[in-house]
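**Student:** Sequence:
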Amino acid sequence: MPLSGKDMRKLFLEVGYEIDSGGGKGSHWKLKKSGCPTAIVPNHKTLKPGTEHSLKKLLKAAGGKTK
Numbered sequence: 255m256p257l258s259g260k261d262m263r264k265l266f267l268e269v270g271y272e273i274d275s276g277g278g279k280g281s282h283w284k285l286k287k288s289g290c291p292t293a294i295v296p297n298h299k300t301l302k303p304g305t306e307h308s309l310k311k312l313l314k315a316a317g318g319k320t321k
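In my numbering, the protein residues as written are 255 to 321.
It is worth saying that the hints were derived from the structure and are not from the lab.
Some hints could be false.
16 angstroms max Cα-Cα, derived EDC-like pairs, lysine to aspartate or glutamate [what the hints assert, rightly or not]:
1) K286 / D274
2) K302 / D274
3) K299 / E272
4) K260 / E272
5) K314 / D274
6) K299 / D274
7) K287 / E272
8) K302 / E272
9) K314 / E268
10) K284 / E272
Computed from a prediction, not measured in an experiment: that's the story for all the values here.
All chains should be modelled from the sequences, with the hints used to inform the complete structure.
**Tutor:** Here's what the structure looks like:
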């Protein structure tokens, strides 16, 4: 089952990412963590497979667990 943007955002927040208050657009969240690449997470009900895969790779590199 594909993850939603909200689910993915929660996973990034659990591993220490923070929402960049000045970043992102209305339909995206910009998440930052010191020493890690910035993550742009779409605020969509379901993420497309390629987007989900890319974000999971980034999350895994940051030390997080993926569903």
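**Student:** Now, for every hint given, state plainly whether the structure supports it.
**Tutor:** Here is what the structure says about each hint:
Note on K286 and D274: the hinted pairing holds, with a Cα-Cα distance of about 6 angstroms set against a maximum of 16 angstroms. A distance of roughly 23 angstroms separates the Cα atoms of K302 and D274; the hinted pair therefore is violated under the 16 angstroms criterion. Between K299 and E272, the direct Cα distance comes to roughly 21 angstroms. Violation of the 16 angstroms bound is thereby established for this hinted pair. Distance hint between K260 and E272 is fulfilled; the C-alpha atoms sit about 14 angstroms from each other, no more than 16 angstroms.
At roughly 20 angstroms between alpha-carbon atoms, K314 and D274 are farther apart than 16 angstroms, so this suggested pair is violated. For a cut-off of 16 angstroms, the pair hint linking K299 to D274 is broken: about 21 angstroms separates their Cα positions. Restraint check for K287 and E272: satisfied, since their Cα atoms lie roughly 6 angstroms apart, inside the 16 angstroms limit. At most 16 angstroms may separate the alpha-carbon atoms for a hinted pair to count; K302 and E272 exceed this at roughly 23 angstroms.
Simply put, K314 and E268 have alpha-carbon atoms about 12 angstroms apart, close enough for the 16 angstroms limit, and the pair holds. A threshold of 16 angstroms between alpha carbons decides the hint, and for K284 with E272 the separation of about 8 angstroms falls inside it, so the pair holds.
In terms of the numbered hints stated before, the structure departs from hints 2, 3, 5, 6 and 8, listed from lowest to highest.
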